[in-house]
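2 protein chains.
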Amino acid sequence: MTADKDYVLATYLVHGNEDFHKKAEGIAAGLTVGTWTELPQEKKEKMAAHLGKVFQIQELPPTGNGVPRALLTIGYPTANVTPDFPAILTTVFGKLSMDGQIKLVDLQLPEFLLSQFPGPRFGIEGVRRLLGVQDRPLLMSIFKQCIGLSLDELEEEYQKQIDGGVDLVKDDEIFFRDEQAPDIERVRAFERRNRQRQERTGKKTLYAVNLTGPVTRLLEKAKRLVEAGASCLLLNVTPYGLDVLHRLAADPDINVPIMAHPAFSGALYASPRHGVSSPLLLGKLMRWAGADIVLFPSPYGSVAMPREESLQVADYLREESVHRPAFPAPSAGIHPGLVPLLFRDFGIQSVVNAGGGIHGHPQGSTAGGKAFVAAISAAVGGRPLREAAADAPELRAAIEKWGVAEG
Amino acid sequence: MTADKDYVLATYLVHGNEDFHKKAEGIAAGLTVGTWTELPQEKKEKMAAHLGKVFQIQELPPTGNGVPRALLTIGYPTANVTPDFPAILTTVFGKLSMDGQIKLVDLQLPEFLLSQFPGPRFGIEGVRRLLGVQDRPLLMSIFKQCIGLSLDELEEEYQKQIDGGVDLVKDDEIFFRDEQAPDIERVRAFERRNRQRQERTGKKTLYAVNLTGPVTRLLEKAKRLVEAGASCLLLNVTPYGLDVLHRLAADPDINVPIMAHPAFSGALYASPRHGVSSPLLLGKLMRWAGADIVLFPSPYGSVAMPREESLQVADYLREESVHRPAFPAPSAGIHPGLVPLLFRDFGIQSVVNAGGGIHGHPQGSTAGGKAFVAAISAAVGGRPLREAAADAPELRAAIEKWGVAEG
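As given, the protein sequences belong to chains Y and F, one line each in that order.
Residue 55 in this note's numbering sits at position 55 of the first sequence; the count goes up by one each step and never skips.
Residue 171 in this note's numbering sits at position 171 of the second sequence; the count goes up by one each step and never skips.
Bound conformation, chain Y alone (with noise of 0.2 Å):
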């Protein structure tokens, strides 16, 4: 299915004993101009710009119990919408959404449409430029812990994730409560060190902060933070909603990558009948909005998504588009004997994200990130990783805690 320049082309997967191509001619009338067939013809003419269209009936293999299964592709014309997520998704799964066992797959928009998203201002070449690092996957760290600590004990725990060759450092985002450190104080601590750490080793840092509170006060609180010195944004796109990330990437002075947490997404995703699925909703739509950096369940991990699916975010984060691409962090219990697969699946352009798999290292957080570090240059390089073991005893370490996973 193509896109085509006078309509968003919206595909569901149904599951039902239904009339296929009678549902399908329901939502496309029902869904755009109410009636159609009772209309007179005056009226008629008039409403052929809004009317939806059906493009495509696909009847699937019914499921294990006989559950007949389609997929529909259903066009709404582009004058019925306005170029923001709350208008198409009202559009083409508002109502649609309670209607039975129906699940949106895929969108596609045409591209003058499109073209009126931000996507990301960075993205992989973006943040690479501001990074200094070309030629691998990069590295991010996961502060394991941030509720409860001091901006001290925090700072402490930063320099030891960026002792390790990091990358990336991002907060937990289920920091909302940081009285004791908080996010701005955080920006200049952090930054200060990743100062220190650029002068001494002419690495670099990004730092991603959570960005939390009223939704009416986020976009403001971004700019402080980025005047403070902030490096990168951490935003719970779903709870706060698609449109905040479309807003803050859209605004000339929120000048840093911003990274979408996939925080509540398996509320919408996780279901094989209903809601939306992974790749759209992860893949197609955070990289519209605007997010540079995309964290989502790898196939291998303790919150782990189907390979298919996982494969699928990425490629809609990277694929040819009006958008620049943006990085998949395929997340979740990820150690250093995960890297040769992330790296044979997600490649040269994605980022190894890492918490417990940092920070249970045995010989502490900085070793962890060393034994990724490790791990990354030998996936790279074609290696072995108990090969390139032997000359790095951080990734040895990891190995013997956790093992090398087998493809």
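Bear in mind the hints are in silico, worked out from the structure with no lab data behind them.
It is possible that part of the hints are untrue.
Identical copies go unnamed one by one, so any copy, or any two together, can satisfy a pair.
As the list claims (entries may be wrong) - Calculated lysine-lysine pairs in the DSBU-like style (CA-CA distance at most 30 Å, straight line):
(1) LYS203 / LYS53
(2) LYS401 / LYS46
(3) LYS221 / LYS204
(4) LYS43 / LYS203
(5) LYS144 / LYS401
Quick caveat, the model's predicted, so the values are computed rather than measured.
Could you slot chain F onto chain Y? The hints should help.
Chain F only, in chain Y's frame:
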């Protein structure tokens, strides 16, 4: 499970062959302080205030296919959250939403935290006061179609609807491209019609104008609409995010009722094993966020919700709480013949809401409204609908077309 003053209690329905006790313990620690058992004693003391706690594990009978199920209730310390939806949803269902077959089915906040959410500014009593209607369910009419119509055409449709005796009229929620009849002009025109109606008949009307556009301009836009005379606002809450409703409801300058549309909510609630339950989302959370009137699928119409869920939504909207009760508006495919069932289920403190059941009346929209007025009057008076139809030709015509539903 009663509320605990130190914890946000979240209840999850979990399906799967897991050790439910282990799962619950894993959530309580993993979603708060990370690992617990490995922490040194001095850190444990410091972190205890932030550690989650297992409150209840209730095993349920397995599904028909023998899949084990349980309800897990986990307490998250209030010391971990700020009083806003993004913080609470990310804390209780951030990463966890992606972790297997798990559905968030209930949330309970201690009173001090709940009180920091605005709740409905008007609620049932306030909306009734604005309308001057006390002793029957309210009647709302939905514009059957808005896109593509001129202001004159819409005004004509508006007049037909209020001539039928409705209390409220709402925009089509998919009305975004309104260049031919901009929101502020609709507000001016329709509110003038409302004033004329009141002068002529003493009857008042609320017009719910669809609030659309970038989230960053929504509050300002709402204020402009209120200044222009808007009597009610309509919001597609889920696509915008619950925090947007929260901020609208909490703003002292936006002093009109807010109507919450459930568009896109099915993407969150419709799956039996994932997402967020409909009573929690459309009942509790919408009310906490400040909706005065909440639309949701009735058990009976074209887009239906299981009866038990639909009743639970209404119960949550009206139960005893620190917040004012909000109006349930069970919707979708409602015709006059359903009014007795709706009245039996939802009682006087509800809104009867119809689109096709008004506009599809054989004698037009005004007669459609009158048929509902007669049906509501009959239901409240305990009179069978077919008997009442003897004195009400519009109701008779409606029953001929749609019949009378049996409970």
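Against the structure, the hints:
| no. | hint | verdict |
| --- | --- | --- |
| 1 | LYS203 / LYS53 | neither (54 Å within a copy, 41 Å between copies) |
| 2 | LYS401 / LYS46 | between (69 Å within a copy, 28 Å between copies) |
| 3 | LYS221 / LYS204 | within (24 Å within a copy, 42 Å between copies) |
| 4 | LYS43 / LYS203 | neither (66 Å within a copy, 32 Å between copies) |
| 5 | LYS144 / LYS401 | within (18 Å within a copy, 63 Å between copies) |
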